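Asker: Sequence:
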Amino acid sequence: MPDYNPMLARRVVTDIGRTHNAIDGALKKLSMLTTDVLEAFSDAQLNDAMTQPVLEDIANGFSTIVAGRGAFVSAHQKLIEMKMESNLRKVEIGCSIGPICPLPFVEEAQLREVA
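Residue 4 is where the sequence shown starts when you use this note's numbering, and the numbers rise one by one after that.
It is possible that some hints are incorrect.
Just the calculated beta-carbon pair ranges, DEER-fashion [unchecked claim]:
hint, residue 1, residue 2, range
1, Ile26, Gln55, 25 to 33 Å
2, Arg13, Phe44, 45 to 53 Å
3, Pro56, Arg92, 45 to 53 Å
4, Asn24, Glu59, 24 to 32 Å
5, Met85, Asp51, 48 to 56 Å
6, Met10, Glu88, 13 to 21 Å
7, Glu42, Val69, 19 to 27 Å
8, Ile61, Glu88, 39 to 47 Å
9, Pro5, Ala52, 37 to 45 Å
10, Phe75, Leu36, 19 to 27 Å
11, Ala52, Leu11, 32 to 40 Å
12, Thr38, Arg92, 41 to 49 Å
Hints are computed from structural coordinates only; laboratory data are not their basis. Bear in mind the structure is a predicted one, so any value in this text is a computation, not a measurement. Cβ coordinates follow ideal geometry from the N, Cα and C atoms, glycine included.
The whole structure should be built from the sequences, with the hints applied where relevant.
Answerer: Here you go:
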């Protein structure tokens, strides 16, 4: 069983959260940029043939970021799996319960018969 340093694990968790936020922030900014570019094209009364290559490149950039986000989510899931097979299995280190993070470790209560 791997023996991870809990303080380093907390730093990893913090960095994961910040990275998720940065990726989502980039997607939001690119969405806003797309809107601004479309408004600028409209204001300049550019023809569709002239603007199409720019929009395709923006869309490709968006798709690339989304694909990168998917790879990062996959890496996050693998890190959680590694944690669950380590000395930190029972340690809460900052992952919110949800589709990526499993429920926290709960000891099963032992039932006993009473007369």
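Asker: May I ask which of the numbered hints given earlier this structure violates, with the numbers listed in increasing order?
Answerer: 9, 11
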